[in-house]
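Protein chains: 2
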Amino acid sequence: MSEIRFALAQIDTCVGDLDGNADKVLDYAHRAAKRGAEVVVFPEMTLTGYPIEDLALRATFRKAAWDKANWLAVELAADGLGDLYVVVGTVGSAAAEAGQDPRDAKPTNRLVVLHDGVVWSGYDKHFLPNYGVFDEFRIFSSGGRSVAFEVNGRKLGVAICEDIWQDGGPVAELAKEHIDVLVTINGSPYEEGKTHVRREIAAKRAAEVNAPIIYVNQVGGQDDLVFDGGSFVLDADGALVERSPQFVEDLSLFTLGADGRALPSTIAPDLDPDEEVYTACVLGLKDYMAKNRFTGVCLGLSGGIDSALVAAMAADACGGANVWGISMPSMYSSDGSKDDAADLARNIGAHYDVQPIEPLFVAFQRQLDLHDVAAENLQARIRGVIVMAYSNSKGVLALATGNKSELACGYSTIYGDAVGGYAPIKDLLKTRVWELARWRNRAAAAGMGIGGLRIVGNESGEPGVALPDGVMIPVNSITKAPSAELRPGQKDSDSLPEYALLDRVLAAYIEHAHGRADLLADGFDEKTVDTVMRLVDRAEWKRRQYPLGPKVTALAFGRDRRLPVTSAFRE
Amino acid sequence: MSEIRFALAQIDTCVGDLDGNADKVLDYAHRAAKRGAEVVVFPEMTLTGYPIEDLALRATFRKAAWDKANWLAVELAADGLGDLYVVVGTVGSAAAEAGQDPRDAKPTNRLVVLHDGVVWSGYDKHFLPNYGVFDEFRIFSSGGRSVAFEVNGRKLGVAICEDIWQDGGPVAELAKEHIDVLVTINGSPYEEGKTHVRREIAAKRAAEVNAPIIYVNQVGGQDDLVFDGGSFVLDADGALVERSPQFVEDLSLFTLGADGRALPSTIAPDLDPDEEVYTACVLGLKDYMAKNRFTGVCLGLSGGIDSALVAAMAADACGGANVWGISMPSMYSSDGSKDDAADLARNIGAHYDVQPIEPLFVAFQRQLDLHDVAAENLQARIRGVIVMAYSNSKGVLALATGNKSELACGYSTIYGDAVGGYAPIKDLLKTRVWELARWRNRAAAAGMGIGGLRIVGNESGEPGVALPDGVMIPVNSITKAPSAELRPGQKDSDSLPEYALLDRVLAAYIEHAHGRADLLADGFDEKTVDTVMRLVDRAEWKRRQYPLGPKVTALAFGRDRRLPVTSAFRE
Numbered sequence: 001m002s003e004i005r006f007a008l009a010q011i012d013t014c015v016g017d018l019d020g021n022a023d024k025v026l027d028y029a030h031r032a033a034k035r036g037a038e039v040v041v042f043p044e045m046t047l048t049g050y051p052i053e054d055l056a057l058r059a060t061f062r063k064a065a066w067d068k069a070n071w072l073a074v075e076l077a078a079d080g081l082g083d084l085y086v087v088v089g090t091v092g093s094a095a096a097e098a099g100q101d102p103r104d105a106k107p108t109n110r111l112v113v114l115h116d117g118v119v120w121s122g123y124d125k126h127f128l129p130n131y132g133v134f135d136e137f138r139i140f141s142s143g144g145r146s147v148a149f150e151v152n153g154r155k156l157g158v159a160i161c162e163d164i165w166q167d168g169g170p171v172a173e174l175a176k177e178h179i180d181v182l183v184t185i186n187g188s189p190y191e192e193g194k195t196h197v198r199r200e201i202a203a204k205r206a207a208e209v210n211a212p213i214i215y216v217n218q219v220g221g222q223d224d225l226v227f228d229g230g231s232f233v234l235d236a237d238g239a240l241v242e243r244s245p246q247f248v249e250d251l252s253l254f255t256l257g258a259d260g261r262a263l264p265s266t267i268a269p270d271l272d273p274d275e276e277v278y279t280a281c282v283l284g285l286k287d288y289m290a291k292n293r294f295t296g297v298c299l300g301l302s303g304g305i306d307s308a309l310v311a312a313m314a315a316d317a318c319g320g321a322n323v324w325g326i327s328m329p330s331m332y333s334s335d336g337s338k339d340d341a342a343d344l345a346r347n348i349g350a351h352y353d354v355q356p357i358e359p360l361f362v363a364f365q366r367q368l369d370l371h372d373v374a375a376e377n378l379q380a381r382i383r384g385v386i387v388m389a390y391s392n393s394k395g396v397l398a399l400a401t402g403n404k405s406e407l408a409c410g411y412s413t414i415y416g417d418a419v420g421g422y423a424p425i426k427d428l429l430k431t432r433v434w435e436l437a438r439w440r441n442r443a444a445a446a447g448m449g450i451g452g453l454r455i456v457g458n459e460s461g462e463p464g465v466a467l468p469d470g471v472m473i474p475v476n477s478i479t480k481a482p483s484a485e486l487r488p489g490q491k492d493s494d495s496l497p498e499y500a501l502l503d504r505v506l507a508a509y510i511e512h513a514h515g516r517a518d519l520l521a522d523g524f525d526e527k528t529v530d531t532v533m534r535l536v537d538r539a540e541w542k543r544r545q546y547p548l549g550p551k552v553t554a555l556a557f558g559r560d561r562r563l564p565v566t567s568a569f570r571e
Numbered sequence: 001m002s003e004i005r006f007a008l009a010q011i012d013t014c015v016g017d018l019d020g021n022a023d024k025v026l027d028y029a030h031r032a033a034k035r036g037a038e039v040v041v042f043p044e045m046t047l048t049g050y051p052i053e054d055l056a057l058r059a060t061f062r063k064a065a066w067d068k069a070n071w072l073a074v075e076l077a078a079d080g081l082g083d084l085y086v087v088v089g090t091v092g093s094a095a096a097e098a099g100q101d102p103r104d105a106k107p108t109n110r111l112v113v114l115h116d117g118v119v120w121s122g123y124d125k126h127f128l129p130n131y132g133v134f135d136e137f138r139i140f141s142s143g144g145r146s147v148a149f150e151v152n153g154r155k156l157g158v159a160i161c162e163d164i165w166q167d168g169g170p171v172a173e174l175a176k177e178h179i180d181v182l183v184t185i186n187g188s189p190y191e192e193g194k195t196h197v198r199r200e201i202a203a204k205r206a207a208e209v210n211a212p213i214i215y216v217n218q219v220g221g222q223d224d225l226v227f228d229g230g231s232f233v234l235d236a237d238g239a240l241v242e243r244s245p246q247f248v249e250d251l252s253l254f255t256l257g258a259d260g261r262a263l264p265s266t267i268a269p270d271l272d273p274d275e276e277v278y279t280a281c282v283l284g285l286k287d288y289m290a291k292n293r294f295t296g297v298c299l300g301l302s303g304g305i306d307s308a309l310v311a312a313m314a315a316d317a318c319g320g321a322n323v324w325g326i327s328m329p330s331m332y333s334s335d336g337s338k339d340d341a342a343d344l345a346r347n348i349g350a351h352y353d354v355q356p357i358e359p360l361f362v363a364f365q366r367q368l369d370l371h372d373v374a375a376e377n378l379q380a381r382i383r384g385v386i387v388m389a390y391s392n393s394k395g396v397l398a399l400a401t402g403n404k405s406e407l408a409c410g411y412s413t414i415y416g417d418a419v420g421g422y423a424p425i426k427d428l429l430k431t432r433v434w435e436l437a438r439w440r441n442r443a444a445a446a447g448m449g450i451g452g453l454r455i456v457g458n459e460s461g462e463p464g465v466a467l468p469d470g471v472m473i474p475v476n477s478i479t480k481a482p483s484a485e486l487r488p489g490q491k492d493s494d495s496l497p498e499y500a501l502l503d504r505v506l507a508a509y510i511e512h513a514h515g516r517a518d519l520l521a522d523g524f525d526e527k528t529v530d531t532v533m534r535l536v537d538r539a540e541w542k543r544r545q546y547p548l549g550p551k552v553t554a555l556a557f558g559r560d561r562r563l564p565v566t567s568a569f570r571e
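Keeping their order, the protein sequence lines are chains A and B. In this text, residue positions in the first sequence follow the UniProt record's numbering: the first is 1, and each later residue adds one. In this text, residue positions in the second sequence follow the UniProt record's numbering: the first is 1, and each later residue adds one.
FYI, nobody ran anything at the bench for these hints, they're computed from the structure. Possibly wrong hints are sitting among the right ones.
[Unchecked claim] Part of the chain B face toward chain A, derived, beta carbon under 10 Å:
1. D19
2. L55
3. L57
4. P359
5. I382
6. T413
7. Y415
8. G416
9. H514
10. L548
[Said to hold, decoys possible] Just some of the chain B residues that point at chain A, by a computed CB distance under 7 Å:
11. D54
12. N130
13. D223
14. Q355
15. A363
16. Q367
17. N377
18. S393
19. G515
20. L563
21. F569
A virtual CB, placed ideally from N, CA and C, is assigned to each residue, including glycine.
Let the hints inform the model, and build the full structure from the sequences given.
Here you go:
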């Protein structure tokens, strides 16, 4: 048998953008053909974008997607690419087209092969994930059969994402059919440490079908999800023969040899764990801006670490010249904080305005005469009004700067510091915020300027705009004790356990779903456990009103962790 | 065979309140026994409350629910009620207890019979709804067998809610077993017109098993759902023999005769359609307050119809003396508006404060110098700060007063008039807002005072605190042209189609999922269709940041209509 050459087209699609996504497929198909590929494989739901949520239930959307798949097949052939096998994902609508009630006959998550001017072969995803961020059972019906097709005498079996995460189903069927390669298309969202898990599960399936496996993953941000790409190929014995880089669009080629073995190809190196998470956050923001047509951002700069890290990420996403940093000192803000905010803005080349809130606070207090927490919240809300005024008047996206620790504990003011359309670090615990700030400074010292991250839209991996003195985030913002500065001498540690401890309890309670007895058995003291559990349980309501932000851990707030707002249960 | 007497215990549970829910079961079991019942039937997931969302995935919660069911069985027997058959819903945890990964072995939605001091019989829900507001496939695994049990020589088949909405499954199995009665426990959320649909589907199942059907539904508000009760019994031929009232807790009895036929019992009358929706909104608010321990509310009173209706609902929910109405006139507020707000507050006996926003607006503008929409939003956001200041300083729940028409079109200011923890009319189109205001005034004229609604916590149906002159909502608030009053002479109709037209387009686009071509075929003109679709598609992001509010229509924003925030698709 002859060799066969595959292209892995790891692209960034936009949900609902049928025209743009199809154009990108056309572009990558041309590039793949030029490099000698016979088969080009795109991610899950290429044409529609992923995840499409309830758009799947709109008949007009399904019709438009079907028309677009046919258009694309014709267009490929007209461009002389009719011989190429183009594997793309889309939404299937057979049942709905048969006139059945969409509640009884939902659409499918479909893989199609475009070839010879037609939509040539179809496979419907069998296992529909409906846990964590996934809601596929809600919107799709399950496919009932496995599919393999022949290309130049070689038999290709196909599967979609979750199909390889569960035993049985289509891969078990394909194992009986002696396929030559298992082609999988995926929309697997990023989370810390997932690269390793993906590779393990793929190795298991390669062994099951006794053939190499191709794993093509989507890249890019979509709402609160970030897809990291990192597509790869394993040989039948699980050996890594190809790996695409994370966070950038990519077209890698790989050859299945005449002997049925995968020939070695390029292998992108692993990223440092801090670099990986930081990059995920920047890509989430950059793509959220691009897909919602924002070119700039605004945010409050307090001089603290959270707003400093968010500003740094924003500069990396859209360039410092498109960042509006607003210092909003109150009567309780320290001089150090104001200096740190100004230094940060200067380092990243951001616009920097000072808007003191004291005159506004005095005007409100003349009417309202508030005390205690109500007076503290008033300061935060005046700042919220100012940030939104910048957003409205300059047409830029307001960024919320809250981290996961304070979000979990409700240590923020709703409609105050929590305002914004996107929250870049909402899935990072405070201790991680410090780690990432330190990593970004190390990268700056090593020469990585603003925009030097290798992400979608910046694929070249150039070092970016140089930082003055090679410093990005003022060291003082990283090392000083955290404070909301809403009353004299206030420190976060007045209200919360120290973050080093708090974050460990939060990880156990939220990520690992430990109950009270488990937490005590983990060795945490009773007072800390009860404090943290009370804060977290009370804060559920606030979290519902937080803006979107990228998911980077296994269990983020949002579509992952969904608990009733009203609940009397305490663990 | 002898007669057998059933009690339908239509109760209001709270999610997570295992102790409170179990105590209520005990109380109603005593009352049922006193009235001669041999079997008492409670709603779906009685012990846990419903819907429990991801609480189902917490092992500590499942363990606590299991312990509570056993405690309750023992307690019933100790109280001399061991002979009674007590049918309750709870969460099943067999698979998880077997040590399996909860992702592979999810819990079940379970019905248990408490009898003779033990948890005596169990049935697991077969059909798991995962559409609209339901996410059960996410959290439960499906039961695989039907269950019938004998009481005094009569055979009782059981089913849980969705089990009767779909063909096949446990009811089809029971049809072969010659059961004497089909007992169903339900958590069926309210929506307009659903009473009729429930009765039709129940009649179908009664015919299928050729026996009477008992339908016990939950009552009360839970987050953004309202359960209306309205439990009922149909004879084998579909005839209505018992109906419990809507929106109140209730214990009704019904007898299955020696001849196998249902004996006629009490039948609560139907409510007027406007009364039904109004009552659903008030119960949603009242229960949200009770279950989150709020005793009062605050809201801005503009003199317009939206805030007037919300204030009226609030007075009905918690009494006018617990309502803080805040008039926040700007330089553009008309005298008429200020008078209407004051009249409304006086009518319902609310606290009434005037907080002019002009001095605050001037203070902000001195720093920010905003124009156009940014300046309009500033006014709304200053009001938002004031409303939240009242909420914080008085410890009361802030109410957002937005309706579904403006919410759908994005005609509101995020962090401005949209602030609040609960939005009582977020699922009412503007034209419906006017209708409900007129209905409430007719009810007031007919003698229904504040708190005169028959809802949970006010079961007696007393007419309530009399209204001065028998008027609740100032007629002027109902009849005048709607205006946001954010610039001189502004009218809603400057930016939006007239509401009579807009609401019809919104109903077609949102509720009936019509695409652009359908809307044109519906007879709407192209300009209106394009305007409305553009507004609705753009507003998706804002809607994510709105507070909770009760669902009353088939398709509300929130858990029902979930579209990606980022999407380039236009229908």
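Okay, the hints, checked on the actual structure:
no.	hint	verdict
1	D19	holds, 8 Å
2	L55	holds, 6 Å
3	L57	holds, 7 Å
4	P359	holds, 6 Å
5	I382	holds, 7 Å
6	T413	holds, 9 Å
7	Y415	holds, 5 Å
8	G416	holds, 9 Å
9	H514	holds, 8 Å
10	L548	holds, 6 Å
11	D54	holds, 5 Å
12	N130	holds, 5 Å
13	D223	holds, 5 Å
14	Q355	holds, 6 Å
15	A363	holds, 4 Å
16	Q367	holds, 6 Å
17	N377	holds, 5 Å
18	S393	holds, 4 Å
19	G515	holds, 3 Å
20	L563	holds, 5 Å
21	F569	holds, 3 Å
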